[in-house]
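If you're matching them up, the sequences are chains A and B in order. Heads up: the first sequence is residues 422 to 727, going by this note's numbering. Heads up: the second sequence is residues 1203 to 1379, going by this note's numbering.
There's no promise every hint is true.
[Claimed, not checked] Below, a list of computed lysine to aspartate or glutamate pairs in the EDC-like style, where the Cα atoms sit at most 20 Å apart:
#1 B:1233 x B:1346
#2 A:426 x B:1281
#3 A:424 x B:1261
[Stated by the list, open to error] One-sided and incomplete, this derived list gives chain B residues near chain A with beta-carbon spacing under 10 Å:
#4 1268
#5 1272
#6 1276
#7 1288
#8 1289
[To be verified] Distance ranges between label pairs, derived from CB positions:
#9 B:1308 x A:725: 21 to 27 Å
#10 B:1223 x A:457: 49 to 55 Å
#11 B:1327 x A:458: 44 to 50 Å
#12 B:1327 x A:491: 23 to 29 Å
#13 B:1340 x A:437: 33 to 39 Å
#14 A:541 x B:1340: 48 to 54 Å
#15 B:1223 x A:451: 29 to 35 Å
#16 A:541 x B:1293: 46 to 52 Å
#17 B:1260 x A:669: 38 to 44 Å
The set of hints was computed from the structure by calculation and includes no laboratory data. Cβ atoms here follow ideal geometry from the backbone N, Cα and C, with glycine treated the same way.
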Amino acid sequence: MLKEKDLLGMKELSVDEINLILDTAAAFKDVLGRDIKKVPTLRGKTAVNLFFEPSTRTRTSFELAAKRLSLDVINFSVPTSSVVKGESLIDTALTVQALGADFIVIRHSSAGVPHLLAKKLTASVINAGDGTNEHPTQALLDAFTIKDKKGNIEGLYVVIVGDILHSRVAKSNIYSLTKLGAQVRLIGPPTLIPKEVEELGVKVFHHMEEGLKDADVVMMLRIQMERQSKGFFPSTEEYSKNWGLTPERLCIAKHDAIVMHPGPMNRGIEIASEIADGPQSVILEQVTNGLAVRMAVMYLLAGVRR
Amino acid sequence: MTKELLNKDDINRALTRMAHEIIEKNKGTEKLCLVGIQRGGVHLAKRLAAKIKETERKDIPVGSLDIAFYRDDLNIRKEQPTVRRTEIPFEVTDMKIVLVDDVLFTGRSIRSAMDAVMDLGRPAAIQLAVLIDRGHRELPIKADYVGKNIPTSLAENVEVELKEGGLEDRVILKKIA
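So here's chain A without its partners, still in its complex pose (with noise of 0.2 Å):
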């Protein structure tokens, strides 16, 4: 059983209740594999995506997750409500709730937005993203589809590369993979990587050679092309030299390691093309995983008491 109302981060879940996630979303996987994808266990029940940053993937991916879930589906993207008209988020999300929401699924620019909405509103809430805190339903789809292709989480080496310092992708797995007892370690520059992180319990290094050795799993974050602007690395050819992905780097990992990356992926950036497309990547799967992990938090969600 999962203790609160609300999903809002991997920091606040238990090795408990993450477990019990995986294992509900490998129920739905298989769900999603038959000619019927559709299981009519929260019919009658009401989700709204309210969106107040742009997103295609983790939007639709939770659209079509509440779907086959039965439940009936509202998107609230910012530019066509009333918060351009000034109305407060409170206000907003309040309305939603009067609708007769069951589900909130928020994304927001600001971190703790969705903490503060779980406190004002019955609905659970699911943060979809809030600022550079957490990102916890990707942490979940990663951790699936790694125990997935790896049978076990523990003692694994994982290896997150690129932007730490701005990714709520990478500070939601670094909570979930150590509580799961993989050995998580940080590559990235200097200045991309949060001083003090290693109190978390990983290991930060400044050069791939060093950190990807005997990695089980690399996982690359998207970079940012606006960061280059405010100085964090000096140009994009620059970092693509020094942390990209590249055949040649990925040999220094384990020979059976996986590549995962959260999307949209700049090619050629941060990961060769020939990686992103070849036989150790698991890039796609993880899209299909995050629809069985996103149903499993509703189903799992719908069923704590209030």
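The hints should help you fit chain B onto chain A, whose structure is shown.
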């Protein structure tokens, strides 16, 4: 208060008779398969398949079905049902499916199971085999094969304990405290 209703031998005899009835009614094992409802029904389905094999010398397909996603009581249960895997490694379309469960009570699980099977394909027929029918139906559902009919009160619980679950085979009646 606990009362034993069936012992190991009673269960074995009941299953033997049910296996024969299944073969008789279906005139053999052509297009026949057994689907156990998680969890108790799964073990019983395997035992019935073994008994059918003893008589007919044919292996019939056996699957397991989890009905968690098809339940109608998600809103009123204290806990979310644990989700187990559905493993039906054969096409259900045009098959004669015998659903197997340990206890038939309100009939709601069977309704869920029929919906779940229908989403996997279009079977030629669905039949129902249960070890215990304890009455109190809330839906118009009737078993085709019954191990034992046991009149119960709503203040009682029927529990089927099986050796596959680490216990000795027996069926007991318990007063709900």
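Q. Which earlier hints can't be squared with this structure?
A. 3, 10, 11, 14, 17
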